[in-house]
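Take the given structure of chain H and dock chain D to it, following the hints.
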Amino acid sequence: MALSTMILKMLEGFEGTCAIFFLTLIFSLPLGLIVALLRRSKITIVSSITKFCISILRGTPLMLQLIAVAYGPYYLFGISISRNKLIPVVIAFAINYAAYFAEIYRSGIDSMPIGQYEAAEVLGYSKTQTFMKIILPQVVRRILPSMTNEIVTLVKDTSLAFTISYVEMFTIGKQIANSQTSFVPFIVAGVFYYAFNAIVAFVMGKVEKKMNYYDI
Amino acid sequence: MKRFIALALALVMVLAFAACSKAPNNTDDKYIIINEELGAEQYGIAFRSGDQEVADYMQAAVYELVANGKYAEIAANYDDISDNLIFLADDFSAPESKVDITKAEKRTFTMGIDAEYPPFSYMDDNGEYYGFDVEICKAACELLGWDFEVFGVNWDQKLVQLDSKECDCVWSGMTILDSMTEAGYIISDPYYYNTQVVVVKESSGITSSADLAGKTVAVQLGTSGESLLAEDGDLADLSATFGTLTTCDSFLKCFTELEGNAVDAVFVDLPVATSWVNDKNN
Chain H
96 MALSTMILKM LEGFEGTCAI FFLTLIFSLP LGLIVALLRR SKITIVSSIT
146 KFCISILRGT PLMLQLIAVA YGPYYLFGIS ISRNKLIPVV IAFAINYAAY
196 FAEIYRSGID SMPIGQYEAA EVLGYSKTQT FMKIILPQVV RRILPSMTNE
246 IVTLVKDTSL AFTISYVEMF TIGKQIANSQ TSFVPFIVAG VFYYAFNAIV
296 AFVMGKVEKK MNYYDI
Chain D
41 MKRFIALALA LVMVLAFAAC SKAPNNTDDK YIIINEELGA EQYGIAFRSG
91 DQEVADYMQA AVYELVANGK YAEIAANYDD ISDNLIFLAD DFSAPESKVD
141 ITKAEKRTFT MGIDAEYPPF SYMDDNGEYY GFDVEICKAA CELLGWDFEV
191 FGVNWDQKLV QLDSKECDCV WSGMTILDSM TEAGYIISDP YYYNTQVVVV
241 KESSGITSSA DLAGKTVAVQ LGTSGESLLA EDGDLADLSA TFGTLTTCDS
291 FLKCFTELEG NAVDAVFVDL PVATSWVNDK NN
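One line per chain: the protein sequences are H and D, in this order. So that you can map any letter, position 207 of the first sequence is 302 in the numbering used here, and since no number is skipped, the others follow by simple counting. So that you can map any letter, position 258 of the second sequence is 298 in the numbering used here, and since no number is skipped, the others follow by simple counting.
Chain H on its own, in the form it takes in the complex:
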């Protein structure tokens, strides 16, 4: 197989990789914030349940969670396995990444000095206003480097989706490697992932620069 055909084939699979990447971000970024707020809740039962869930999601392999989401409902309740594998893939990824993002958000929120809350109260801001207008923008700026870290990991983790027979770039790479008894597809895959992550790092760097005026 010519190198160009190989690259074209793998580019087809790249759509699947991108679908996981963007959908996971769209769902897990807001979900993570909700989880972070629940985790910081003053009601002990809410925060401890959230803490427990996060510990499960962070303490078990993503591959296992993928299998649980895709095949669990069938084994437990006899519900048909989804034909569109993107659904279980995105559910598993979004929940897993929300747990990680939640902890990052929490670290950011906790790092805000209490004086800011007091000042906002004096100025007549409500609690919601304080959080949305004063705290959150600064939190976003502070957590950006850790977020970049997680997002870069997400790009590489997309290759796990093959576990439940979802077609993404690495699946195609493996198939080609098999039929051609060749190692080249893995090198191509490595270059693809690196290029994707270089773009992610570049974009995140730009965003960080843009948000610099929040620096305190």
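Be a bit skeptical, because a hint or two may be false.
DSSO-like cross-link-like pairs, simulated, lysine-lysine; straight-line CA separation at most 30 angstroms [to be verified]:
1) K301/H x K251/H
2) K255/D x K104/H
3) K143/D x K205/D
4) K70/D x K255/D
5) K251/H x K205/D
6) K241/D x K255/D
Hints in this document: simulated from the structure, not taken from any laboratory. Fair warning: this is a prediction, and the values are worked out from it, not measured in the lab.
Just chain D now, kept in the frame of chain H:
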């Protein structure tokens, strides 16, 4: 609300792991095998290039097992496959041995298997590797006085793992492909006639490969079925009629998808299909 969803999902997860050992009994589905002798092929053992001596000793030991009746004895426990064993055919006679098995030097022989490939190689109820190929290899190693070890390979990387000396052979219902000899691997004499078959639910109404048009079909990555159905494979015309062709990393996952209605048919080797279907229908 979110925390309930999260909690429910966590529970599903925990329970799923507990329940994964047994499929649900809420289905009375029967499964059938459609055997149109697609892609007739043979199983063999792959050795590293350069390991000619090891390959010769192993081959000689297997023929010795055939001669002394041990081979037939082991095969008797595997009804599903015994009909297609080449060495047990009436008209089979073993070629003259190239080496004297009593002169084999003591060594450790690591057998590379796909641990999810019953009845040839799998993990039994006690957690030990077991199966027809494993028993034969073990008996052959006993004859040669070699220490016997089993190594579970990642099937789609089996030849890479063989090259990197993680195992000394790949012997696990492996189809002999021309590309293997071309790549320099030493392949044993074929020991099993295999064909590719299609497994479907009886209720699906599929009775021939022609009925698969527009359907979703699963195949295991790295198997001969996958290469046959690939764009440049011998059955490319057939696979072109499929709605979707999905690849799973183990054939058990293919079957799980069939049970859960995610696919309509599984394309798989005959012995594996027979063993699984018999198990399911009883």
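**Message:** Does K255/D sit within 30 angstroms of K70/D, going by the straight-line distance between their CA atoms?
**Reply:** Holds, at about 19 angstroms.
**Item:** Proposed proximity, K205/D with K251/H (alpha carbon, max 30 angstroms)
**Value:** Satisfied, since the Cα-Cα distance of roughly 28 angstroms is no more than 30 angstroms.
**Given pair status - K251/H, K301/H, alpha carbons within 30 angstroms** = 21 angstroms, holds
**Message:** With the threshold set at 30 angstroms, check whether the alpha-carbon distance from K143/D to K205/D stays at or below it.
**Reply:** Within the cut-off at roughly 24 angstroms; holds.
**Restraint status (C-alpha distance of K255/D to K104/H at most 30 angstroms)** = Holds, at about 23 angstroms.
**Item:** Restraint check for K241/D with K255/D, where alpha carbons must lie at most 30 angstroms apart
**Value:** Holds - the C-alpha atoms of K255/D and K241/D are around 13 angstroms apart, at most 30 angstroms.
The structure shown violates none of the earlier numbered hints.
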